[in-house]
Amino acid sequence: MHKVERRAEKKSISYARAWAVLAVVAGVALGATVSAPAYAAPVDDQDDGFSELEHGPSDPDAFTKITSGPSESQLSNQAPAVHKGAIPMAIAGFSPAGCAGQTDYAHWSSGSNASVHARTSCSIVVPALGVSTNLQKQGWAYWENVKWGESSRAAASHSQDAHPHWYCGGWGSQNYRGVSSHWSDEASGYYTATTVGAENRFGC
Amino acid sequence: MLARFRLGAAAASITVIAILAACGSPPRVEPSPEVTDALRTLVEPPSEPPLVSIQGEELPPLYYDWVIDGEPVIFKQSENQDDIRLTQVPHPSKTLEVVIGSGVPPADLVIATFEHVDANGVPTDSGGMQTDCLREVDRCDLIYGPDSLTVTLEAAESAQVVVLQLLYAARNPDGDGMIHMNASWGVRLDVDR
Chain A
1 MHKVERRAEK
11 KSISYARAWA
21 VLAVVAGVAL
31 GATVSAPAYA
41 APVDDQDDGF
51 SELEHGPSDP
61 DAFTKITSGP
71 SESQLSNQAP
81 AVHKGAIPMA
91 IAGFSPAGCA
101 GQTDYAHWSS
111 GSNASVHART
121 SCSIVVPALG
131 VSTNLQKQGW
141 AYWENVKWGE
151 SSRAAASHSQ
161 DAHPHWYCGG
171 WGSQNYRGVS
181 SHWSDEASGY
191 YTATTVGAEN
201 RFGC
Chain B
1 MLARFRLGAA
11 AASITVIAIL
21 AACGSPPRVE
31 PSPEVTDALR
41 TLVEPPSEPP
51 LVSIQGEELP
61 PLYYDWVIDG
71 EPVIFKQSEN
81 QDDIRLTQVP
91 HPSKTLEVVI
101 GSGVPPADLV
111 IATFEHVDAN
121 GVPTDSGGMQ
131 TDCLREVDRC
141 DLIYGPDSLT
151 VTLEAAESAQ
161 VVVLQLLYAA
171 RNPDGDGMIH
181 MNASWGVRLD
191 VDR
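Residue numbers (my numbering), protein chains in the order written: chain A, 1 to 204; chain B, 1 to 193.
Quick caveat, the hints were computed from the structure, so don't treat them as lab data. Predicted, not measured: the structure shown is a model, and the values here were computed from it. For glycine and all other residues, C-beta sits at the position ideal for the given N, C-alpha and C. Possibly wrong hints are sitting among the right ones.
Per the computed footprint, the stretches of chain B lying under chain A, defined by three or more beta-carbons under 8 Å from a beta-carbon of chain A, are [said to hold, decoys possible]: (1) 57-70; (2) 88-99; (3) 115-126; (4) 151-159.
Which residues of chain B face chain A? A few of them, derived with a C-beta cut under 7 Å, are [stated by the list, open to error]: (5) 108; (6) 130; (7) 169; (8) 186.
Using the sequences and the accompanying hints, generate a full structural model.
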């Protein structure tokens, strides 16, 4: 079931945000072919009245298990095109509001918890934006999602932090990371990004 | 009008350059553990985990956490990762070829190679040698087609196990916002060459 927590974020007009605004101006000037630079949004855990949801795969209604893999995969019907190199950016336009997503490194948190923080920030107020983050524990075959958290706001320029916590006592030293999906619902459309935070090994 | 816009854009560009010049060199960005990326228009992900082949061998997934027909689904070949059984494929050269049966660009594409395994064939070198193919483009050769993505990279001759990890962003089927879907596939390399 969903555990509702109220969390907070201290607002701060940072020097880095000024760089983000500058990047948007530069982006317009250069045909919006550049991304906003990295900048840090200060955060803390004070309560400011915004809601945040957390749940993990242990929730009985969160996921359904099946015992076999997919028999086939639906393939794209896009027009034939071959692109060599990095992601073909031509198919994806950048957020006009200069929105960017950020995931911090996973870390040990008080009470034998593993945790990670992530957020979405824009240069201007947008109708809605948010972030959902999975805390993952590494195995050799895959990163397992152990806890999920999200945060969203309407009529804001930045989200609260999504910061899932997972009790990691008894697991010894493990490698953890956060993976986040960021989104902004803007007048010109819906924009997203995925960020994968730095890995961090620690025991609880 | 267009000319005026272009003139304005050029002026803005010059202004930015002038500001940068006036301030001296941009502030040095210290190495940071945070990872940041700009938001872009959403590209709908594959409706199921894509078909994947490594060295020409079509593989079942080892794991996926996906939304299929609007329902979140978790699949694990084995509850304990150490019990996973891998398909063995020939590995006549150092070059690995991975073909993903979807033309949708993933949000993350990592290929991990493991050089050390225990008596049961389970990798012992933790996460192995990981290559982030979307960012380390000098190490991976990516070819996007209309319905496939082909990745080639050089693996160490002593590599024994290869794991592909894919991640896509998707709309949350339970409400607003986004989620992500991830899956992995793996093979054991036949290193008798």
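Of all the hints given earlier, name the ones this structure violates by number, lowest first.
2, 4, 6
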